[in-house]
Every structure is written in structure tokens, then in C-alpha cells.
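Participant: Residue strings, one per chain:
2 protein chains.
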Amino acid sequence: MSEPLESDAPDFETIETLAVVGVGLVGGSIARAAKVRGMARSVVGVGRNLARLEEARRRGLIDEATVDLAQAARRAGFLIFCTPVDRIVEGVRTAADVCPSGGLITDAGSVKGCICRALAQGLPKGVEFVGSHPLAGSERQGFEHADARLFENRVCVVTPVESSPRPAVTRVTAFWKRMGAKIIEMTPEAHDKALAETSHLPHLVAAALAATLSAENKALAASGFRDTTRIASGDSELWSAILLGNRDEVLASLSRFDASLTRFRRALEQNDSAALKELLKAAKMSRESVVNT
Amino acid sequence: MSEPLESDAPDFETIETLAVVGVGLVGGSIARAAKVRGMARSVVGVGRNLARLEEARRRGLIDEATVDLAQAARRAGFLIFCTPVDRIVEGVRTAADVCPSGGLITDAGSVKGCICRALAQGLPKGVEFVGSHPLAGSERQGFEHADARLFENRVCVVTPVESSPRPAVTRVTAFWKRMGAKIIEMTPEAHDKALAETSHLPHLVAAALAATLSAENKALAASGFRDTTRIASGDSELWSAILLGNRDEVLASLSRFDASLTRFRRALEQNDSAALKELLKAAKMSRESVVNT
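Top line first, the protein sequences correspond to chains A and B. Just so we're aligned, residue 1 is where the first sequence starts under this note's numbering, counting upward by one. Just so we're aligned, residue 1 is where the second sequence starts under this note's numbering, counting upward by one.
Check the hints yourself; a few may be wrong.
When chains are identical, the list treats them as one kind, so a pair holds in a single copy or across two.
Unchecked claim - Calculated cross-link-like contacts (lysine to aspartate or glutamate; reagent style DMTMM-like; alpha-carbon spacing at most 20 Å):
1. Lys-182 to Glu-162
2. Lys-218 to Glu-13
3. Lys-182 to Asp-63
4. Lys-277 to Glu-55
5. Lys-182 to Asp-147
6. Lys-277 to Glu-237
7. Lys-218 to Glu-189
Simulated from the structure, these hints should not be mistaken for lab results.
All chains should be built: construct the whole structure from the sequences, respecting the hints.
Facilitator: Structure, rendered in C-alpha cells:
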């Protein structure tokens with residue numbers, strides 16, 4: 001086809017005032033991308049530490065800085081919550097109560113079920129919440145690492161519930177597409193089941209592995225150890241909230257991992273070279289089927 | 001001290017003929033480094049696939065190519081084995097039987113106990129074996145990735161046994177120092193215990209994690225998953241031999257990992273946010289104490 005697809009050049013009506021709640025790596029990158037791409041006339045950053053927010057403003061990431069969520073929400077037609085996952089529901093309620101009719105709220109949290117189900121009810125008429133989760137970020141923290149291109153060619157999962165109005169879902173989808181993300185739409189529950197396996201379980205395993213290292217062996221930890229445990233450097237408060245916010249699915253993934261590890265252990269215990277080779281080969285194929293992006 | 005230390009500018013007598021047995025990433029890098037640094041007048045590459053060896057010769061990594069180990073060993077004053085670990089003992093015996101008196105043999109294998117103990121006996125008088133293990137390499141394979149600087153600032157563990165003559169240990173140490181490596185001398189057993197924890201266990205865990213990934217979730221595997229499972233892309237034959245070659249220590253490390261993972265699981269099961277945060281914080285500190293090189 002020679003005409004551009006809608007998905008290649010999505011319509012996204014410019015936001016008068018965009019509120020970014022939580023201006024860290026992800027929030028800062030969203031603020032930067034929204035400005036660079038002309039998606040918002042004004043970006044207000046909301047947080048708990050005014051000095052940090054003022055620094056983000058000095059760096060040009062946001063136009064205004066405030067610690068007063070309600071004050072920002074009153075003027076914001078579009079809000080995105082990038083706070084730790086255990087503070088999103090409460091924040092969205094506070095904002096929804098005062099934001100203009102027609103206001104649209106989304107988030108960037110790594111768990112979706114507990115957030116989207118809680119917010120499926122009780123918001124004022126005319127204000128909508130649609131959850132999202134951009135698969136970008138890293139163990140780095142703070143807006144100092146903000147990058148307007150953080151979401152380019154990254155997957156962003158959008159997680160409407162049954163009652164989400166289609167126009168709201170379409171607008172949140174268009175928001176992320178304009179940031180360069182590839183959209184996957186899923187239910188919050190399907191998201192949590194998948195991310196338990198691809199993100200939350202790996203975090204738990206990396207942390208348990210890092211914790212296993214004896215002090216006297218540190219000099220002998222080379223690139224393999226460092227790669228395998230890199231994500232264990234993530235913030236412990238953030239990750240504790242994520243793991244607890246998706247507890248049942250994480251525990252289920254952990255059981256599958258245990259079963260997998262037991263197969264390797266058994267082959268090793270039984271000195272079964274053929275079985276061990278097969279297991280390693282299957283793992284290698286699985287790893288290599290994941291496209292490096 | 002103002003005088004240069006011996007360890008900073010090690011003496012290393014030029015080798016007339018260096019034999020590199022197994023010309024892959026590590027063997028190829030050793031061959032390249034030996035030539036670049038003028039450590040050997042001639043480098044003979046020994047392998048099983050003559051066409052591949054001829055290609056390595058055309059690329060200038062080695063001066064001669066042969067599939068006849070004994071023929072190469074007859075002329076070589078210094079030999080290094082970079083074959084899979086389960087072929088080192090047999091190869092060293094074959095070479096030692098015919099190499100010139102005064103010949104020195106080392107290896108680059110990832111396990112040391114089973115190799116060094118087997119070779120502590122039965123070599124002809126005047127020929128010495130001292131094990132080594134450079135902590136370099138990657139999931140990439142083949143001499144196409146050879147790099148003369150692969151060992152620079154990397155740790156190389158040298159593992160003499162009680163009967164190893166000190167001059168032989170000193171010469172193997174000087175060989176690696178000239179390649180830019182930082183030397184740690186340990187017993188083969190101490191090496192295997194440490195590497196079980198820092199390398200072999202992470203490989204097993206990464207493989208079990210990669211194997212846990214469901215096909216339908218691949219699109220949702222982001223950089224965290226990819227980092228954590230990167231080493232699972234290693235060659236399954238090589239790694240099967242390494243894991244079985246250090247079986248008891250790998251199983252002991254696996255038990256410690258299981259205990260660590262159980263602590264995380266329990267905190268999650270009990271919804272114990274404080275305990276989970278503490279565990280994640282300790283893991284983060286452990287990870288961050290490992291210097292990135």
C-alpha cells in the first residue's frame with residue numbers, strides 16, 4: 001500500500017496541559033518526548049520533592065513544577081501517572097475528582113490488574129482512566145537519564161477493561177504511538193500473567209542470584225554474572241510494590257521456574273550428559289527466539 | 001615504591017613455537033595477542049576442522065594449521081589448550097608425550113579440579129602442566145570474534161597443584177600478564193568452588209529462566225529478560241561439559257540459590273512488604289559491590 005497507514009501517522013490532538021505525575025526516568029522521558037514531538041502546549045510536572053522538580057524545570061523537561069496534584073489536575077486535560085505502582089490508584093482518584101470533564105488519565109505502571117480494576121469504578125462521569133505500560137526503562141533512575149526517544153520501537157501495552165469507552169482507548173493508544181511505541185492491547189489480567197513471566201520473575205531470580213554471591217568471590221564475577229544480575233540493581237521500594245502488586249501471577253511463574261530448574265538439577269545429579277545438553281539446547285533456542293531490540 | 005614491580009613489567013621469554021589447541025574465540029584471541037605482543041615467533045593452530053583452521057591462517061591469526069596434535073606438539077615449547085573442558089586431559093597427555101623436554105602446557109578451561117588433578121601425575125619428566133582460566137569470552141563463538149585485547153584487565157586464575165614447580169607457575173603467570181590479564185592464583189578446588197557461584201550457577205539459572213518463557217509471551221520480553229538470560233545463548237555442548245565437570249560445587253551453589261529464592265518466595269507469599277524490601281535491598285547492594293569492568 002502506498003498511502004500511509006493510520007498506525008504509521010496517528011492522529012493525536014495536541015494537549016493544552018499535560019500533567020506528568022512522578023518525574024523520574026519514565027516520567028521525565030514522557031515529558032521530554034511530549035515537548036519534542038509537539039504533543040502538549042504545556043507540561044506540568046507533579047511530584048513530592050519541589051527542589052527536584054525545579055531542577056527538572058530548569059533542564060527544560062517540564063514547564064511548571066508543583067507538589068500539589070489537585071492544583072495541577074484542575075487544569076490538565078491529559079494526565080499520566082509514573083509513580084510507584086502502589087501510589088497510582090489513590091493519585092488517580094485525587095486527580096479525577098478535580099480534573100476537567102473530558103479529562104483522560106493513564107499511567108505507566110508495571111502491574112495493571114490491581115490498578116485498572118480498582119479504577120474501573122468510582123471515577124466522576126466524564127473522566128476516564130485507561131491503563132498502560134511502556135516496556136522501557138532500566139535500572140537507571142532519575143530524570144537526569146530522561147530520553148525523548150526512550151519509547152521508540154518499544155512495546156507499550158494498553159490495558160482497557162470491558163467498560164472503557166473506545167474513544168478513550170484510542171486516544172491513549174495514539175498518545176503512545178506518537179511517542180514511537182508499538183502498541184499491544186491486552187486485558188489487565190493477561191498483561192499481568194505475561195509480565196510475571198517476562199519481567200517480574202526475572203527480577204526475583206536476578207535478586208536471589210545476586211544475594212547468593214559470597215563477598216570473597218566478588219573478584220571472580222565476570223560479565224556473565226553481571227549480565228544475569230543487572231536488573232537486581234533496580235530500586236527495592238519500586239520492585240517490592242510491583243512484585244506484591246502481581247503476587248499470585250509472580251508466584252505461579254516462580255513455580256514454573258522451579259520446575260524448569262529441577263529438570264536441570266536432576267540431569268546434573270544423574271550425570272546425564274545427553275539430558276543436560278538437550279535442556280541447554282532448548283534454553284538456548286528459547287533465548288534466541290527473543291528478538292534483540 | 002618508585003621502581004617498577006616485576007608484576008607490572010613481567011619478563012616473558014619469547015616462545016619459538018606456540019601451539020594453540022582449539023582456535024575459537026578464546027584460542028583465536030590468544031593467538032592474535034601472542035603475535036601482536038611479540039610473544040611467539042611462530043603460532044601453530046591445532047583443531048579438528050582443517051578448512052576452518054586454514055581460514056584462521058588466512059586471517060593471520062596463526063602461521064600454521066594442522067589437525068595433527070602430536071605433529072604440532074613435537075615442535076612446541078609452549079602449548080595452550082582452548083578446547084571444550086572434557087577434551088583437555090586427553091589432549092594434554094597426547095601432547096606431553098611428544099613435546100620437547102622443558103615444554104610447558106597450560107589451558108583456558110572453565111573448570112580446573114578434574115583437569116589439574118588428573119594431570120598432576122603421569123606426564124613425562126621435563127614436561128609441566130599448570131592450569132589457567134582467563135575470565136574472558138562471551139556467548140559469541142568462533143575466531144571471527146577474536147580480539148588481541150580480550151584479556152586486557154580481565155582476571156586470569158592460575159591454578160597450580162602442590163607438585164607444580166614454581167618456575168612453571170611463574171612462566172604461565174607471566175604469559176597471561178603479558179596478555180594484559182590480572183592474575184589470581186588459587187588451588188583448582190578453590191577456583192571451582194568460586195566459579196560455581198559466579199559463573200556456572202548463573203548459567204544454569206539463566207538457562208532455566210529462558211526455558212520458562214512461553215512462546216506467546218515473547219513479544220513482551222524486554223531488556224530485563226534479555227540481560228538476565230543472555231548467557232543461556234552459550235554453546236550447549238561446552239556448557240554441559242563445564243557443568244558436569246564441576247558437578248558437586250554447582251549442585252552446592254544451586255542449593256544456596258534455592259535457599260535464597262525461598263526467602264523471596266516466603267516474603268511474597270506472606271505479603272511481607274518490609275521483608276521483601278530488605279531482601280531486594282540486600283540483593284541490590286550485593287550486585288552493586290561487583291565492579292563493572
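Participant: Please flag the earlier hints that this structure goes against, numbers listed from lowest up.
Facilitator: Numbers 1, 2, 3 and 4, in rising order.
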